[in-house]
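These protein sequence lines map, in sequence, to chains A and B.
What the first sequence shows, in the numbering used here, is residues 2 to 118, in sequence order.
What the second sequence shows, in the numbering used here, is residues 14 to 123, in sequence order.
If you're looking for bench data, these hints aren't it; they were derived computationally from the structure.
Each residue gets a CB set at the ideal place from its N, CA and C atoms; glycine is no exception.
There could be a bad hint or two in this list.
What the hints assert, rightly or not - One-sided and incomplete, this derived list gives chain B residues near chain A with beta-carbon spacing under 10 Å:
| hint | residue |
| --- | --- |
| 1 | Ile60 |
| 2 | Gly69 |
| 3 | Ser106 |
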Amino acid sequence: EAGVAQSPRYKIIEKRQSVAFWCNPISGHATLYWYQQILGQGPKLLIQFQNNGVVDDSQLPKDRFSAERLKGVDSTLKIQPAKLEDSAVYLCASSQNRGSVSGETQYFGPGTRLLVL
Amino acid sequence: QQPVQSPQAVILREGEDAVINCSSSKALYSVHWYRQKHGEAPVFLMILLKGGEQKGHEKISASFNEKKQQSSLYLTASQLSYSGTYFCGTETSGYSTLTFGKGTMLLVSP
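So that you can see chain A by itself, here it is in the shape it has in the complex:
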């Protein structure tokens, strides 16, 4: 079974530029998560989708970050404009969830390493 795919793997941009990350979850997984992981810390949830609807985006900085999952499969996370403090690894994860189910395993992709100069 193919895992969670993400691209690009690395990205270097200057502050105030925009950037987009792409994620393709494991086939059949209804729930998709975007996390931000700053060096030395645990992953922080930015947004959680159930199919193409948003379950939780309470920690997404909506003035500069946006995410979509139009057909309930792959997803794009965008930052516009980027700030220095956005330098981090952006992890995508997916889980099978088909409803409000507790305790589902999340499977992580390899992440995109973003450096903002």
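Dock chain B against the given chain A, drawing on the hints supplied.
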């Protein structure tokens, strides 16, 4: 509310045991444990659910004290491959939304 992990770091020799703790200030539906090696994605180890159910690897054990809102991960007879950073993720809402701790760095030396 972010769970608190302890210790922050552990150094072991191969074959030694370790315990990593995760503590929450909120009532928990489940606790998830992951291991992350440098530059890699977190890898699932175990889920402990409210009510006592566990899902995970055979060689790893953990406990979940619902009343104390705490979980512990037990690593016995450690191997070099156990090195990495261990994260606990806690679920407080019942919608599989996780909040991760800051991690515990484990180094196993020969």
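Status of the hints after comparison with the structure:
1. Ile60: Ile60/B check passes; min Cβ-Cβ to chain A is 5 Å, inside 10 Å.
2. Gly69: holds, 9 Å
3. Ser106: Holds - the Cβ of Ser106/B comes within 10 Å of chain A, reaching about 8 Å at its closest.
Going through the hint list in order, the structure satisfies each hint without exception.
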